[in-house]
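Visitor: So you can see what is in the structure, the chains are spelled out below.
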Amino acid sequence: VSTQAPSSISLADLISAVVHLEPDDEAARRIVQLLGLETVVAGLGVDRPLPGAYDSIREAATPPPPATLPRTELPLGVTPQVPPSLAEPPIYVATAELSFDRRVATSPPSWLADPAMPPMQPASKAPAPNGEAALLHEPLFSRLGERAILSAALATETNEGAIDIRKVESRLAERQSIAVLPRLPSSTLRRGVQLLLDHSETFAPYARDREAVTTAIGNVVGRHGVSWLRFRGSPQRGVFAPRKQVAPWRPPPRGTVVALVSDVGIGGPAFSPDRAMETEWLEFAAMVQAAGCPLVAFVPFGPRRWPSSLAHAMVLIQWDRATSVRALRRALGKGHRVSG
Amino acid sequence: MTDEAQAARELLGVVSREMPEAVELAEAVALAVRVEPSLLRAARLALCPALDAGAESDLWFSPLVSSSSAAAIVLDRDVLALLRERLPARGEQWMRTARELVERAHAGEPEALRLEEEVTWQCTSRGDAARHDIEQRLRPAVKAMVSGRERGLEVARWANRALLSMPPTAVRTESAAMLAVGSAARLQGASQVGQRSGFVALEGAPQWLLPQESTGKRVLGVRLRRGELEITTPDEPLALGLEVSTASDALEISWQNEDGLAEVRHANAAPGERVGLPSDCDKVELRTASGMQYVIERDPEARLAYRFTKEAAATWRALPAEITGEAADALRQLAVQGAEPSSLRLEQGQWLFRSAGRRFDARYALEEGEPPHALVSTVEPVRRHVYISSSFFEKQRDPLVDDIRRLLLRQGVTVASGEDFGVSLNWQRFEHPELMKASGAVVVITHSTLESEWAQREIGAITDLAQRGFLELLVFDAGVREELLPGELRQFQHLRVRSPEELHGREAERAIAAFVARLPAGIGPESQRVRPPHAPPTPEYALALADVANAIGVMVHVTFADPESNPLSQTPEQWHVFRHGLEALFFPAVSAVLDPEWKKQQGSGAQFGETVAGWWRVALELLARQRGSFKVRIYQPVAPRTIDYLKSRASLEIEPGEPTSLAMGRGRELAAAMGSHTGDLDKMLKEYDGSGWMPDQASPPGVHREEFAALIEVAGELLAQVESTSSPPGYAHRAWLDFLQPRWWRQRDEFARLGIEGFSVAQDLPEFLAAAAQLTLRILRQPQELERITDPVSLSLQPGSGEVIASWLAEPLDLGQTNVSRIRQFAEVQRERLPDLFEWTMDGLLNSLRHLLSPPAA
Chain A
-12 VSTQAPSSIS
-2 LADLISAVVH
8 LEPDDEAARR
18 IVQLLGLETV
28 VAGLGVDRPL
38 PGAYDSIREA
48 ATPPPPATLP
58 RTELPLGVTP
68 QVPPSLAEPP
78 IYVATAELSF
88 DRRVATSPPS
98 WLADPAMPPM
108 QPASKAPAPN
118 GEAALLHEPL
128 FSRLGERAIL
138 SAALATETNE
148 GAIDIRKVES
158 RLAERQSIAV
168 LPRLPSSTLR
178 RGVQLLLDHS
188 ETFAPYARDR
198 EAVTTAIGNV
208 VGRHGVSWLR
218 FRGSPQRGVF
228 APRKQVAPWR
238 PPPRGTVVAL
248 VSDVGIGGPA
258 FSPDRAMETE
268 WLEFAAMVQA
278 AGCPLVAFVP
288 FGPRRWPSSL
298 AHAMVLIQWD
308 RATSVRALRR
318 ALGKGHRVSG
Chain S
984 MTDEAQAARE
994 LLGVVSREMP
1004 EAVELAEAVA
1014 LAVRVEPSLL
1024 RAARLALCPA
1034 LDAGAESDLW
1044 FSPLVSSSSA
1054 AAIVLDRDVL
1064 ALLRERLPAR
1074 GEQWMRTARE
1084 LVERAHAGEP
1094 EALRLEEEVT
1104 WQCTSRGDAA
1114 RHDIEQRLRP
1124 AVKAMVSGRE
1134 RGLEVARWAN
1144 RALLSMPPTA
1154 VRTESAAMLA
1164 VGSAARLQGA
1174 SQVGQRSGFV
1184 ALEGAPQWLL
1194 PQESTGKRVL
1204 GVRLRRGELE
1214 ITTPDEPLAL
1224 GLEVSTASDA
1234 LEISWQNEDG
1244 LAEVRHANAA
1254 PGERVGLPSD
1264 CDKVELRTAS
1274 GMQYVIERDP
1284 EARLAYRFTK
1294 EAAATWRALP
1304 AEITGEAADA
1314 LRQLAVQGAE
1324 PSSLRLEQGQ
1334 WLFRSAGRRF
1344 DARYALEEGE
1354 PPHALVSTVE
1364 PVRRHVYISS
1374 SFFEKQRDPL
1384 VDDIRRLLLR
1394 QGVTVASGED
1404 FGVSLNWQRF
1414 EHPELMKASG
1424 AVVVITHSTL
1434 ESEWAQREIG
1444 AITDLAQRGF
1454 LELLVFDAGV
1464 REELLPGELR
1474 QFQHLRVRSP
1484 EELHGREAER
1494 AIAAFVARLP
1504 AGIGPESQRV
1514 RPPHAPPTPE
1524 YALALADVAN
1534 AIGVMVHVTF
1544 ADPESNPLSQ
1554 TPEQWHVFRH
1564 GLEALFFPAV
1574 SAVLDPEWKK
1584 QQGSGAQFGE
1594 TVAGWWRVAL
1604 ELLARQRGSF
1614 KVRIYQPVAP
1624 RTIDYLKSRA
1634 SLEIEPGEPT
1644 SLAMGRGREL
1654 AAAMGSHTGD
1664 LDKMLKEYDG
1674 SGWMPDQASP
1684 PGVHREEFAA
1694 LIEVAGELLA
1704 QVESTSSPPG
1714 YAHRAWLDFL
1724 QPRWWRQRDE
1734 FARLGIEGFS
1744 VAQDLPEFLA
1754 AAAQLTLRIL
1764 RQPQELERIT
1774 DPVSLSLQPG
1784 SGEVIASWLA
1794 EPLDLGQTNV
1804 SRIRQFAEVQ
1814 RERLPDLFEW
1824 TMDGLLNSLR
1834 HLLSPPAA
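Residue numbers (the working numbering), protein chains in the order written: chain A, -12 to 327; chain S, 984 to 1841.
None of these hints come from the bench; they were simulated from the model. A couple of the hints might just be wrong.
Simulated restraints on C-beta separations [to be verified]:
#, chain 1, residue 1, chain 2, residue 2, range
1, A, 199, S, 1243, 58 to 66 Å
2, A, 131, S, 1074, 26 to 34 Å
3, A, 231, S, 1073, 44 to 52 Å
4, A, 104, S, 1068, 25 to 33 Å
5, S, 1187, A, 124, 22 to 30 Å
6, S, 1132, A, 94, 14 to 22 Å
7, A, 124, S, 1110, 28 to 36 Å
8, S, 1263, A, 94, 35 to 43 Å
9, A, 14, S, 1201, 50 to 58 Å
10, A, 134, S, 1073, 50 to 58 Å
C-beta: ideal position from N, C-alpha, C; glycine also.
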């Protein structure tokens, strides 16, 4: 006897045999063996026919006992739209017994008629509070330090400061002529800023901050010194002004600071198409560098989250209260150095 | 604890490990119904000063958020409940600050929102002591609900949402129960309050809460299922009829929990509602607001839920029923009661048994602790042709039959021939009676037919089959004297045709058109949209299909939920692999690239294999580069040189696994055993080879479509099973799941809209191929770029960002140009025709790649 069910013999054959022969347990077991269906039967969760499993044929043929009244009759009609569904939990055979045909209707509670209790006006808004009561949108940089931070972050270094007396002294002492007065380095914002604003889905939580910092930078640098553009993902994918078509990003004149207001791909949904990869940002940084422009990015995430390669490729400034003017000046000195 | 609460707890645990800052910030705003950026910022600065601004983004995009817009986020209500439980540990001052911020942020917001937040605050800060106050505070809302139709609806909509997330203390008030009843009665099927338990039972019948005065009664159906109570129409199978108000009514469902305490839920008295119950709940009490009260109780003695009758079988419709008892016994019961196994499908849980010999499907799964039972149904309408013959026993067709065939074809009705059903001279010896049952028929009665003794017997059989709904009869009594036409045939639509020319007259056209219009769904023009077997195949069946697919060079991902080695019950890594349906890699496809001999042997099919295998090779390479080492589980015999290649990648660790499980030839044998459903495998393969290396829209026989649809459905079922499981092994993986599943389900809707149940090879396989090839193209063109992928999880490969990958194109691709151009051609056509489907296939592939790129589950 084969222990493997031949493929042409099926459970249906077993059922037919059982139905026609009405075997006892032992005979049924032999039928299973003869048909080679042990594996199939075991797959049904029954290692061997249960005691009495095949004795119930006569009982099964007997209709179920009538339900005790009062009970709702089971419907015998068939509904066309009942697809057998795997997800559906099985329906139990159940009875519904009417225990009370009518409960006592309760009258509305007395408080319902109380004129002192007005009904809720679900959509009515209270007047918006003013002054201290209102919750204002706190800026990411502290209000006091914001201007200084932006000045320090966007300034470039220039040799236009006070006369460098030490250098003058030194040259005179060496009896050298002074054709051009040496000057101390100073910082300037006059080279202007190209402001690139991240309008990606991933930057949505900082939308108000983005608008606020745009205004603040305009106030610090001067509106004529700032050109601003929007982008999604990264500027490489194209930039756009309001109500304008997306156009390829072009670098500003040499020396102009390119300032990003972005999360540079650190935050946002993992699979957002707006989330540019690190490589994309590195390529962008290389393009900015090739154009001779300093690149600075205001990033809401702390240094712990910055990709190290990006931190080397651009000046990342944590856009948060933790950033101080002093630390920034220590890092940047008089400003970004512009080659050439 | 409910499933949702348990899932929320697990989710919170995962997110706490992966993004603790987001959870800390979530606690700070947990008293708010809605969180705007201003509130988030203020809460971070005041309550979590150590967190940087990045935490705001982390929370905003975290899975703790159930919905978001550009202006605000809403946290998941089950997560919120857990977060609020933690707040008292923060101290009173901290909580007060949190509340003040919420109050200030929403001071100008609608009253309903402020009330909800006030209730939340009271419950969180004072616990049960606040119950009386909350009772008072919710009363104006109740008053508003019953004070006018419009305002009542407005409050009902608010309560419908708010009650789901209100703390348990608030839900246990009488006012909350009133809001639940009023909301359920007003929202006509949109009510969600049935999802919430913990309400108190209201005294008497609170008819005053109903939106309008009840004027009469109507009958509603309910079905007690395992774990839920379903509100239906009364004519649904197994539905119990209950009397409710003709106007809007509400149901209060209560049962006793494990501690013997009453649990109460509310639901709208509208078909479609489902109210969650404990899985072991056998008895519920149901009260209507209009005054009726029922006890619904499972009948423990019932062995057969639905009496199976010939009449029921003849309707050829789905017929669910439940049988308790040992499975084989259940089958016997059905057989004893006169139904034939060929018209039944038994199903329970997740398993299907498909018999080859007698054409019936049985699905079994014995869940642990569950009594064995089966859900029984007739097979759904499957392919139905119109069978046309001048006689059941006469294969020769006369011109009249051919004319009728042409006319029917013009009406879009597929016409099968007698041979299709293996008609023999003795109709009782039909070789394929099951096909006959699933067919319509046009019977042409001729004078000679009627004079035959056999025919007389045949007419009786035909009539019997037609009366049982197995045949659709259009009787042509060509040249037959009126008195000779048997009475039993006259009850069907019939047409007298004296000569073939008469068939082209208006009367004949009208008769045929009327006949076609009367055909049930599945016959006629719709018959092309046959439903593939939509139940997941058995492992054997899937293996066979896989083998078939494999033999013609198609890559398939199949994973089996085998009861003996259910991956879900094993290690997280296996779970992870299982979920993404990638456990089985079909290495012969890889061999197509690696083994030139294989390529020669397989002929044109290998070109396709090459395309797909190239993709897999990339995946393997990526794995080798990314992980340093990983396991390859081999499920099929692999050529030695393939093994050598794999070993040459020193980083690969090869685990031979169990090659017999997918042994080549085994599937072929099984497939052959499946008989007509699977079709003659050899014939199919020959046809396939003859149609070229890749199927197109015209050439593949219908059977291919079905087989591949079934294959794709395996994947679909896997996803469905995944959806019902919890305990994601990692946050990133959960994010994948969240990403993938809506697309799958959305696509299911799309399939339904198109009348396609599953994935059709003729329409969709080319897209699948195209997507695979495109991805291969994009990646292979510049392999050095692969080394720059340092963060595979964040590698965004959604549609759109594929362009980024496309920009890598630099090196020539090692693919035949013919294939590439054909793939592109297909892609263009398919993209235009079924854009969503295209995106879906692309998504599926990309997700597979993401899986391969991902770090193993923790």
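Visitor: Hint by hint, note whether the structure agrees.
Guide: Hint-by-hint comparison with the structure:
1. A:199 / S:1243: 58 to 66 Å: holds, 59 Å
2. A:131 / S:1074: 26 to 34 Å: holds, 30 Å
3. A:231 / S:1073: 44 to 52 Å: holds, 48 Å
4. A:104 / S:1068: 25 to 33 Å: Holds, at about 32 Å.
5. S:1187 / A:124: 22 to 30 Å: 51 Å Cβ-Cβ, so the 22 to 30 Å window is violated.
6. S:1132 / A:94: 14 to 22 Å: Given a distance of about 21 Å, which is inside 14 to 22 Å, the answer is holds.
7. A:124 / S:1110: 28 to 36 Å: holds, 34 Å
8. S:1263 / A:94: 35 to 43 Å: holds, 38 Å
9. A:14 / S:1201: 50 to 58 Å: holds, 54 Å
10. A:134 / S:1073: 50 to 58 Å: violated, 35 Å
Hints 5 and 10, counting from the list given before, are not met by this structure.
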